[in-house]
Every structure is written in C-alpha cells, then in structure tokens.
Amino acid sequence: MDYEVKLDGFEGPLDLLLHLIKKHELDIMNIPIALITRQYVDSIELMKTMNLDIAGEFLLMAATLMHIKSKMLLPPEEVEEGEEEELDPREELVRRLLEYKKYKDAGSQLGERDILDRDLFSKGFSEEYDDENDDLVYPEVGLFDLLDALQEVLKSVTPSIAHAVNMERISIKEKTEIILNRLKEERNMTFQSLFDNDSTRGEIVASFLALLELIKMRTVNVFQGENFGVIRITSKDLLH
Amino acid sequence: MEKNALKGAIEALIFTSESPLKTEKIIELITDEYGLELEKNEINPLLDEIAGDFNAEGRGFSLTEVAGGYQFRTKTTYASLLQKLKAKRPPKFGRAAMEVLAIIAYRQPITRAEVEDLRGVDSGGVVRSLLEKRLVRILGRKEVPGKPIIYGTTKTFLEIFNLRNLSQLPTLKEFVELEEVEVERVQSELNLPES
Amino acid sequence: MEKNALKGAIEALIFTSESPLKTEKIIELITDEYGLELEKNEINPLLDEIAGDFNAEGRGFSLTEVAGGYQFRTKTTYASLLQKLKAKRPPKFGRAAMEVLAIIAYRQPITRAEVEDLRGVDSGGVVRSLLEKRLVRILGRKEVPGKPIIYGTTKTFLEIFNLRNLSQLPTLKEFVELEEVEVERVQSELNLPES
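Protein chains in written order, with the numbering used here: chain A, 17 to 256; chain B, 81 to 275; chain C, 81 to 275.
Any given hint could turn out to be false.
As the list claims (entries may be wrong) - 20 Å max Cα-Cα, derived EDC-like pairs, lysine to aspartate or glutamate: (1) LYS232(A) with ASP69(A); (2) LYS164(C) with ASP112(B); (3) LYS168(B) with GLU119(B); (4) LYS87(B) with GLU196(C).
To be verified - Among chain C residues calculated to face chain B with C-beta under 10 Å, some are: (5) PHE95; (6) LEU101; (7) GLU104; (8) LEU127; (9) ILE130; (10) ASP133; (11) ARG214; (12) ARG221; (13) LYS222; (14) VAL224.
Don't read these hints as lab results, they were simulated from the structure. A quick note: this is a predicted structure, and the numbers were derived from the prediction, not measured. No residue lacks a Cβ here, since even glycine has one placed at the ideal position from N, Cα and C.
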C-alpha cells in the first residue's frame, strides 16, 4: 500500500495505556497485566491494519508489557534473609503512568481555564495581528477514542478477508470528498454515520483514514461530549 | 491630587495600555506627570476600589490581575455573545498541546528530551507549534553534553491563560485512590458533611 | 433577561469592539445570542444609563457617541498622562538584531552556527529574541550530524516590512539601513513587553 497516515500530535503509548485502564475500569495500582497487554496489542494491531505510522515507542511499550507479563508468570524467588524483597515487575510502569497522568490532568485543567479570546476578552485594539496558522492543530478527540469507535463500527460488518482488501481501489480521496459534501449539507454528523454508505471493511477503513486526513488538514474538527460518548464531526469552515 | 482624580488616572492608564500594566509603571507615569511621590501601598487600595466598582452588577468587564499587571477583561458570562462579535474562531488547544504546555509550565526549565521521557512519545512538533504561538520560549541551553535547548513559558502564556504568575498554577494533583474519590462522590451526593 | 445582565452585555460588546459599535449591531448580536426582540427605544435608555455611570467622578474613561456608534474613550483630562504612556516606547531594536534578521531572511534555511560564522560573533541571544518577536521561526532540523535547528522568517516578518513575498526583499544594504521607525512600529504592533 502506498499511503501512510502520520500521527504527530496525537498521544503516545502511555496515553493508550491510560485510555485502556479507564475504558475497562481497571485499578491503576494493580493492573491485570495479561488483560492490558492483550488490549494494548489489539489496539496497535488495529492501527497497523490502518497503516497508521506507529511510532517506535508503541512497539517498545508492547515489548515492555510482554516482558512484565512473563516476569509475573515466574514463581517468586525465595527471598533470602537480608536481601531486599523483589519488586513488583509492574512498579516502574505504574510509576511512569502516574507521573504522566499528573501532567495529563494538569493539561486538561489548563485547557479549562478562562482563556483570553475564548472566555473573556480585553479591549479591542484596531491594529491586531491575525495569524492564519494560528490554531494548534490537534483535534479535541484523541486518536484512541476514534479507534474505539471504529472498532465498534467494524464489529457490525461481516468480516471480510481484511488483508486482501485492495486499498488503492477504494480511494481515500473519494471518501474525503464524500465527507466534505455531506458536511456542507448537514453542518455536523456523527462518527457512526460516517460509514453509512460503506459496506465492506475496506471501505470503512478508507472512510476512517479520510477522516484522519481531514483532521490533519484542519478542515474538520471532532468533538466528544463525554467520555466514551458520541463523537461528532463538524466542518471548520462553517464558523467563518 | 484629589483621590477621585487619581483613581480616574489609574483607570485611564490601564484602559489605554495594550498589555497588562504593572503597578510600578503606573507609579512611574503618575509621578512623571503630576510630580507626585506615590507608594505602592497607596496605589493598591485604589486598585482594589476600582476592581470593586467594576465587579458590581451591570458592568460588562472587570479589572483583572494578569501576567504581573492589571488589565480590564470582559466577564466570562458574556463569552458566547462576544465570540459572535469577534466572528473569529476562538483559540483551540488540543489535548497533546495542553499536555506539553503543562509539562513545560510546571517543570521549566526543561529540555525536549525530558518532555518526551515524561510523555513517552516524540513531542517535537508540539513544542514547535507552542513556540510559534509564543506560549513557550527558548530559555537557553543546558550545560550538559550536547547542550540541549531548554524551554520555559512566556508572558503571553500567562496572559492567555489568565494567570497572575506561575505560582498561581494549581498544585499538581497526586494520584488519589479510586475508593477515596468514590467516597467523596457518595458523600456529596448524599450531601453528607466531610468526615 | 434581567436589566443588569443586559446592560453588562452591552458594555462588554462596546468594550470589546475594535471600532465604534452601532446600535443596530448591538441589537442584532443580542437578539442572535439571547433570542430577545429588542427595540431601539429599549436600548437607548440603557446606553444613557451606562454613559451616566461612567461620567461619574473617579472613572477614567466614558462612553462616547462617535462615527455613528458607541465607544469607550478616556476623559480628556488625562490626555497628557496618556501621551506619556504611549511615548514610552520599548527599547530600540538594535543593529545586531537587524543584521541577524537580514542574514536569516536572505540565507534561509540557515542554522545558528551559519549565522555566527557569517557575523563572527555569538548570536544565540539575538536569534532567540527574533523568535520571541515572531519574526523568525524554526523550520526544522538539518540532516547533518548534531541535527542543528534551521531558521527562516515568518509571515509576520513579511507583513511588518510590507513585503509581498521573500523575492521582494530589498538589497542587503538597504535592509540593514531600514529606518528605525519601522522597527519601532514592529514592537508596538506586536505589543511586546519591554525587555
């Protein structure tokens, strides 16, 4: 396949882990490592079939998880007197997750502050610079939320032989145009309805990739009202 | 100088300044214009009085202390109305950008590699766009091998996020055990006093 | 809608608008936001009330009717004081900064080391301040050992120097001799804090 979707600006492996922990309501202090490893590997497998450009960090984390899992399968070694008790193999990972979560939460708190030119305004001065490339690109809905939603959609189609799908025949460009045309008429649409006209797995994947491209091109924005809630897609031009 | 006239002078200065105005600057200009020797503790009660006047009902904007100075800003109740006036997309900050910004804000001076260690993912693109937005700036280089660039937040960052200074950032929340959160929720739902 | 809330909304609109705001526009925006059907003769008494509030002693600015609309303007008593505020220009943009800016403009993409080779002097501080002033931006990294950062000019740079595009750049000599007035304009327009 001759396309690849770059994911800069999306979240990394730690974020994927936190996402899975939250989704499955797991205890971060006592992560069931087998379950989380399986979920994690499934997620990156899905990303791979999308031909998303998966950063090396994701693969490294998969290896780390499997290493922890294998260590936990081993019977605990006899602790000899005077020796320190062996650490839980998950400890380092948990420490990193907690440290990361601290800043992730701080970041979302920051985004909820009263922001100038959004929540409050200062006096209007006539000479003002209006920088076109002003917005920070990244979408409001995380990649992993999108992948979750995609997984739901894929569940409902009869499994075709996923890898035999010829992506080049289903043009992402065509799908992009379809989405844009619909947004022109409908103002906004749900993520689910994005796939209304898709009947095969290949088509669904193409629509999904078209959506990612549009997000990256800043042509559309995606919103999610609440955690794991309905994802909506809107066109950015509408606001002008 | 009569008190009301002085108050008016301060208001006019803050109103006219394009960026938050520092107390020192107010004192300097007033001394310069009226030949008055003013102390900070003479200015502060007047600033408080102005803030009080504008907090009153029916006023559309109020005096805020931000980025080390004073500026009039509209009340947040009118956000949506004013967005319509501006007819400009309000600034949007994506999750990844906020995360990196928070890390830089709390941990400055910090190198890109340190940001990436914390996040576990390449963050060059995000840092660059924060630099371009002037939310983040280069503070210098770290005196370690490779002399990596160190980053910090800017005055613009304080202005945009309505912060008086960095110490106003909320303290980082350490992880709270789930059970505790649950207990709190139940208590608040049942409207129980805190134990 | 309660009267005070409506008054505040009108004030916030006038305060935030960049030019005098017409009554029709105020009505349109308020109708749009709150779904209120307002008549001109309902708005006018509120505007009079606001004007009265600000005419009070101790206020530094007042509501004026100008160019067919409403705008807050400082009271004339403070004219001389406010001229002093406007006159306090930030320190001048030095020759070194102009030199570095010229080098980056003509030789982009360029690394800091290359700038320094050309000038024969450390230029880190200058490059940093150009970055902060958004005249220069980071383009990426050069694919050579050490992957140094490469710099180029911004759209702001073009706007400020009235250039349609980079090919419109004056000769090097002309560029460095660009009047300082121009540079002062840069600083006041970008609303830069004093360094």
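How the hints compare with the structure:
{"no.": "1", "hint": "LYS232(A) with ASP69(A)", "verdict": "holds (14 Å)"}
{"no.": "2", "hint": "LYS164(C) with ASP112(B)", "verdict": "holds (9 Å)"}
{"no.": "3", "hint": "LYS168(B) with GLU119(B)", "verdict": "violated (42 Å)"}
{"no.": "4", "hint": "LYS87(B) with GLU196(C)", "verdict": "violated (51 Å)"}
{"no.": "5", "hint": "PHE95", "verdict": "holds (5 Å)"}
{"no.": "6", "hint": "LEU101", "verdict": "holds (8 Å)"}
{"no.": "7", "hint": "GLU104", "verdict": "violated (13 Å)"}
{"no.": "8", "hint": "LEU127", "verdict": "violated (12 Å)"}
{"no.": "9", "hint": "ILE130", "verdict": "holds (8 Å)"}
{"no.": "10", "hint": "ASP133", "verdict": "holds (8 Å)"}
{"no.": "11", "hint": "ARG214", "verdict": "holds (6 Å)"}
{"no.": "12", "hint": "ARG221", "verdict": "holds (8 Å)"}
{"no.": "13", "hint": "LYS222", "verdict": "violated (14 Å)"}
{"no.": "14", "hint": "VAL224", "verdict": "violated (15 Å)"}
In summary, the numbered hints that this structure violates are 3, 4, 7, 8, 13 and 14.
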